[in-house]
Amino acid sequence: DAKTTQPPSMDCAEGRAANLPCNHSTISGNEYVYWYRQIHSQGPQYIIHGLKNNETNEMASLIITEDRKSSTLILPHATLRDTAVYYCIVSLNTGNQFYFGTGTSLTVIP
Amino acid sequence: KAGVTQTPRYLIKTRGQQVTLSCSPISGHRSVSWYQQTPGQGLQFLFEYFSETQRNKGNFPGRFSGRQFSNSRSEMNVSTLELGDSALYLCASSLLLQSRTDTQYFGPGTRLTVL
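Protein sequences appear in the order of chains A and B. Under this note's numbering, the first residue of the first sequence is numbered 1, with each subsequent residue one higher. Under this note's numbering, the first residue of the second sequence is numbered 1, with each subsequent residue one higher.
Just chain A, same shape as in the assembly (with noise of 0.2 Å):
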């Protein structure tokens, strides 16, 4: 069973940032959280994943809270490309299998 709990729709301005939020409550001290994204019927894309600090690479920032209950993934300037299905999974490491919820489907919208 998925590990996450993530709101099922979000609506977002091109060029505002996307603010996705997801709770982890019962996640372990040696869990990290992933992010990925799937655009209709293609492969699960990596956007990002962090253990305990916040991260930043080219896509995207993950802030996680600091009872590490909760995670938000922040697309700074979305634009219509980012339209897709967001998934926020917990997994002790990438060997573990990844419980994937049913994510948030983010409509980018002109």
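Worth flagging that the hints you see were computed from the coordinates, not collected in a lab.
Lysine-lysine pairs mimicking DSSO-like chemistry, simulated, CA-CA at most 30 Å apart:
no.: 1; chain 1: A; residue 1: Lys-52; chain 2: B; residue 2: Lys-57
no.: 2; chain 1: B; residue 1: Lys-57; chain 2: B; residue 2: Lys-13
no.: 3; chain 1: A; residue 1: Lys-69; chain 2: A; residue 2: Lys-52
no.: 4; chain 1: A; residue 1: Lys-69; chain 2: A; residue 2: Lys-3
no.: 5; chain 1: A; residue 1: Lys-3; chain 2: A; residue 2: Lys-52
no.: 6; chain 1: A; residue 1: Lys-69; chain 2: B; residue 2: Lys-57
no.: 7; chain 1: B; residue 1: Lys-57; chain 2: A; residue 2: Lys-3
Based on the hints, put chain B in the right spot on chain A.
Coordinates of chain B only, in the frame set by chain A:
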């Protein structure tokens, strides 16, 4: 570096047949995982292989099997196909290092249609 490749990309079979799907991981990656994605069940984990050994298995019937070769390439097989096996089958590879830089990378998937 080339990404994860899966062949074939599309496949049509009839009930009762069997099918073999192939996955080539990113060069240097030794762990390969397989997932099934359907509209009703979403993305579900099938199994994971490392060094030619199945290490983890999801909750799927024995008709679903897989293997990994010494070059880390992997195949999955579904025997006695059922209509419900129609799905997008995804393969993912990783280095399997407990490293903050490691993660799973997914291929484009194989779309299987069972008639």
